[in-house]
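Given only the sequences and the hints, what does the whole structure look like? Please build it.
Protein sequences, first through last, are from chains A and B.
So for the first sequence, the numbering used here puts the first residue at 1; every next one is plus one.
So for the second sequence, the numbering used here puts the first residue at 1; every next one is plus one.
I should point out that these hints are in silico values taken from the structure, not numbers from a laboratory.
Some hints here could point you the wrong way.
With a straight-line Cα cutoff of 30 Å, these simulated DSSO-like cross-link-like pairs (lysine-lysine) come out [to be verified]:
{"hint": "1", "chain 1": "A", "residue 1": "Lys331", "chain 2": "B", "residue 2": "Lys79"}
{"hint": "2", "chain 1": "A", "residue 1": "Lys228", "chain 2": "B", "residue 2": "Lys20"}
{"hint": "3", "chain 1": "B", "residue 1": "Lys79", "chain 2": "A", "residue 2": "Lys308"}
{"hint": "4", "chain 1": "B", "residue 1": "Lys171", "chain 2": "B", "residue 2": "Lys331"}
{"hint": "5", "chain 1": "A", "residue 1": "Lys379", "chain 2": "A", "residue 2": "Lys102"}
{"hint": "6", "chain 1": "B", "residue 1": "Lys118", "chain 2": "A", "residue 2": "Lys331"}
{"hint": "7", "chain 1": "B", "residue 1": "Lys109", "chain 2": "A", "residue 2": "Lys331"}
{"hint": "8", "chain 1": "A", "residue 1": "Lys331", "chain 2": "B", "residue 2": "Lys117"}
{"hint": "9", "chain 1": "A", "residue 1": "Lys155", "chain 2": "A", "residue 2": "Lys80"}
{"hint": "10", "chain 1": "A", "residue 1": "Lys228", "chain 2": "B", "residue 2": "Lys25"}
{"hint": "11", "chain 1": "A", "residue 1": "Lys102", "chain 2": "A", "residue 2": "Lys158"}
{"hint": "12", "chain 1": "B", "residue 1": "Lys225", "chain 2": "B", "residue 2": "Lys331"}
{"hint": "13", "chain 1": "A", "residue 1": "Lys128", "chain 2": "A", "residue 2": "Lys138"}
{"hint": "14", "chain 1": "A", "residue 1": "Lys128", "chain 2": "A", "residue 2": "Lys106"}
{"hint": "15", "chain 1": "B", "residue 1": "Lys225", "chain 2": "B", "residue 2": "Lys297"}
{"hint": "16", "chain 1": "B", "residue 1": "Lys121", "chain 2": "A", "residue 2": "Lys331"}
{"hint": "17", "chain 1": "A", "residue 1": "Lys128", "chain 2": "A", "residue 2": "Lys146"}
{"hint": "18", "chain 1": "A", "residue 1": "Lys146", "chain 2": "A", "residue 2": "Lys61"}
{"hint": "19", "chain 1": "B", "residue 1": "Lys326", "chain 2": "B", "residue 2": "Lys305"}
{"hint": "20", "chain 1": "A", "residue 1": "Lys331", "chain 2": "B", "residue 2": "Lys112"}
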Amino acid sequence: MSSQTQKILTTDGTPLEVSLKKAERKNKIKAFLLVAPLLFFLLITYIFPIGDMLLRSVDDKMVTEMLPKTFKSMEKWDGKELPPEEVFESFYLDFSKLVDEKREGKLSTQLNYTKNGFKSIIKKLRRKSKNFEEGNYKDQIMAVHKRWADVEYWKAIKRRAPPITYQKYLKGIDMYQNESGNIVSVSEDRRIHRILWLRTLEVAFFVTLLCFLMAYPIAHLLATLPMKYSNLLMICVLLPFWTSLLVRTASWMILLQQQGIVNDFFVFTGLVADDARPEMMYNKTGTYVAMTQILLPFMVLPLYSVMKTISPSLMRAGKSLGGTPFIAFWKIYFPLTIPGIGAGCLLVFILAIGYYITPALVGGASGTLISNQIAFHMKSTLDWSFASAMGLMLLTGVLAIYWVYNKLVGIDNIKLG
Amino acid sequence: MPMNEQFVKFDKVDKSYDGKVLVVKDLNLDIAEGEFITMLGPSGSGKTTCLMMLAGFETPTNGEIYLDGNPISNIPPHKRGIGMVFQNYALFPHMTVYENLAFPLRVRKIPKDDIDKKVDKALSMVSLTGFENRMPGQLSGGQQQRVAVARALVFDPAVVLMDEPLGALDKNLRESMQYEIKHIHESIGVTVVYVTHDQGEALTMSNRIAVFNDGKVQQLSSPDKLYEEPVNSFVAEFIGENNTFGGQVTDFSKDKCKVKLNDGSEILANPITIKSNGDSTTVSLRPERALINTKEKMDNNFKGKIEEVIYHGDHTRVRLDLLGNKDFILKVPNSSANMDIKLGNQINVSWNSHDARALDPK
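So this is what it looks like as structure tokens:
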């Protein structure tokens with residue numbers, strides 16, 4: 001009996017653990033090599049860009065690097081009254097260097113984000129600074145424009161000193177840090193982002209609800225029909241999957257526009273008058289209709305795969321035990337489909353919350369979502385850091401929903417197939 | 001016990017799914033109150049369809065089913081008050097054992113205290129007391145089966161249907177469950193309609209057995225009668241082991257007939273379905289009715305050659321080449337008197353013509 005020896009040895013004397021590890025090392029390497037390409041791919045296409053996005057959204061080095069001497073001399077300034085001569089001098093030195101490199105335009109754009117009014121005074125300063133004499137820069141600069149003599153503008157410059165900032169995140173929820181450093185909301189007529197966030201949540205919620213209401217009966221039919229019919233129906237459900245998203249959205253445009261097929265049909269049947277055709281596109285209605293249709297398969301498939309596993313004898317058992325068809329459905333069938341409902345709803349909701357193409361094409365002004373706003377800043381204003389900040393807020397929101405969902409339903413209860 | 005002899009009555013019931021083939025043909029069947037009746041037959045013989053019609057999940061294409069004198073074709077399943085045990089138990093996987101058993105009571109709006117009592121009673125009946133809070137997935141197959149039985153009985157139904165309830169269990173468990181179900185039936189006196197394709201199960205448990213084939217009841221009788229006195233060659237083949245001889249009736253009287261076999265020899269048999277001389281027939285003889293080297297006087301005596309000997313512990317199976325039938329089986333009890341059974345030996349085989357039943361040709 002080997003009860004005295006602590007370690008179990010193999011027949012040739014090596015400890016069992018060592019020899020087991022040796023035997024399994026090959027398999028481990030093999031397994032790693034199999035996943036390595038995907039890991040590498042994800043690293044490059046997913047983890048790295050998201051990390052970059054995170055950095056970009058808080059990155060504020062540009063101004064920090066453009067005015068290094070200014071910010072250094074500003075460290076001693078208390079920020080209550082106008083800065084001392086030393087600050088003006090280093091600002092002049094930094095500025096002349098920028099003018100030499102022809103980068104003062106960028107500075108004016110950046111400073112203008114922080115406080116309106118910088119653009120014109122920087123232009124003026126560039127013109128006048130060519131004729132500056134040595135010494136007493138404070139007076140010379142203040143003479144260029146009265147705003148240069150306003151302490152608020154110097155405070156605004158100082159606010160750009162740290163190399164990182166959370167201003168973009170504040171802007172994403174229509175807030176900003178005012179001159180005294182307090183975080184406040186922008187004036188009511190300029191709060192566009194909050195409306196967009198709320199609208200995005202609202203659209204995602206109702207699209208999920210509509211998808212659920214429509215997919216549940218279809219999935220049930222699919223799961224209970226005999227094979228030869230259910231296959232055909234399944235193809236009908238999947239057909240949109242195989243059609244390009246753009247084609248589908250475009251066909252909704254043809255159907256829903258004011259001179260479109262649906263409206264023509266309404267007029268033809270006398271449902272509406274020719275001059276009172278309802279607007280079904282370039283508003284929220286269009287977004288709802290098109291998104292529901294496009295996201296429907298994502299609800300049908302998880303529901304179907306769960307319903308397929310529910311034995312029909314359970315419903316029969318429920319009925320034979322005295323439950324009405326409704327009770328049998330509500331107490332037995334429905335609870336068993338919850339994992340599928342959870343999976344479908346989570347999938348559709350998360351897809352809907354970041355949906356872009358369809359609202360962009362059929363949404364109009366009142367049907368665009370937060371993702372359209374992100375794209376707008378990516379393409380038109382080129383404020384990438386703001387776009388990144390909003391993208392990250394969206395991502396965080398999705399993760400939060402996932403977390404709440406996990407708390408309520410439990411992620412283990414999800415079944416995709 | 002003066003019980004209702006026609007508690008369940010199938011009256012000229014036909015069933016077709018596709019309008020082309022009749023799955024059940026002109027079924028007439030009376031089931032007495034408190035009876036344990038088994039529907040036995042090969043798959044596709046229509047037995048499960050009959051059960052489903054009784055439960056209300058299928059409607060008869062023609063004819064009517066009566067429960068305690070009332071036609072039930074138009075009553076939906078949940079109002080029939082018939083308990084059912086399903087093939088794969090059909091326990092509700094998201095409910096505990098207690099909730100499973102309470103389900104039929106809750107939908108009947110029975111007060112909570114009574115529910116607890118009834119569930120306790122039903123669980124102790126299947127000796128699963130203490131399992132109330134388990135989920136079905138945490139139970140073994142046999143325990144799940146017992147929960148299913150308890151659930152079908154907990155609301156005191158007049159009739160309980162069981163659709164191959166033991167099919168998924170292993171052999172030992174199946175046998176002990178057979179006795180358990182039989183004892184439950186005896187102690188509470190409920191009417192049981194049991195469907196199986198396992199003849200052993202049917203013979204052990206039932207008061208009466210209805211043998212189904214091709215949508216028809218071939219024979220309805222008690223287990224012993226079914227085995228000893230099959231009325232046609234399907235039943236003779238289907239129930240138990242069976243030696244057959246094909247031939248023509250040559251000399252037919254009331255309780256005896258001579259059958260000329262295909263190899264020219266003649267045997268005496270008991271005419272069951274024979275109507276006249278010249279009829280084709282299949283003669284059926286149970287293996288244990290034929291004896292070897294017997295001193296008893298019997299009216300069929302022939303010599304056969306031993307082709308195969310298989311040792312079975314308590315008995316030995318001997319395959320003979322007898323009268324042109326190379327698959328003639330004998331069961332020889334293991335005793336020292338029969339030790340001369342050797343491969344290739346010629347032995348004398350005898351049987352009574354009464355046990356050789358001349359049935360319809362196959």
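Check the hint pairing Lys331/A with Lys112/B against an upper bound of 30 Å on the C-alpha distance.
18 Å, holds
Between the alpha carbons of Lys171/B and Lys331/B, is the straight-line distance 30 Å or under?
Holds: Lys171/B and Lys331/B sit about 23 Å apart, inside 30 Å.
Taking only the CA atoms, is the gap from Lys331/A to Lys117/B under or equal to 30 Å?
OK: Lys331/A and Lys117/B at ~22 Å, within 30 Å.
Against the 30 Å threshold, does the CA-CA distance of Lys79/B and Lys308/A hold or violate the hint?
Holds. Lys79/B to Lys308/A sits at ~28 Å (cutoff 30 Å).
Does Lys331/A sit within 30 Å of Lys118/B, going by the straight-line distance between their CA atoms?
OK: Lys118/B and Lys331/A at ~21 Å, within 30 Å.
Satisfaction of hint between Lys79/B and Lys331/A, Cα-Cα up to 30 Å:
Since the Cα atoms of Lys331/A and Lys79/B sit roughly 18 Å apart, the hinted pair holds (cutoff 30 Å).
Would you check the hint for Lys225/B and Lys297/B, treating anything up to 30 Å between C-alpha atoms as holding?
25 Å, holds
So if I understand the rule, the pair passes when the alpha-carbon distance is 30 Å or less; does Lys225/B with Lys331/B pass?
Judged against 30 Å, a Cα distance of about 21 Å means the pair holds.
Keeping to a limit of 30 Å between CA atoms, is the pair of Lys121/B and Lys331/A held or broken?
24 Å, holds
Lys326/B and Lys305/B: Cα distance at most 30 Å?
Measuring from Cα to Cα gives roughly 9 Å; hence the hint holds.
Given the proposed pairing of Lys102/A with Lys158/A, does the C-alpha separation stay at or below 30 Å?
22 Å, holds
30 Å Cα cutoff - pair Lys155/A, Lys80/A:
8 Å, holds
Against the hints set out earlier in the document, no violation occurs for any number.
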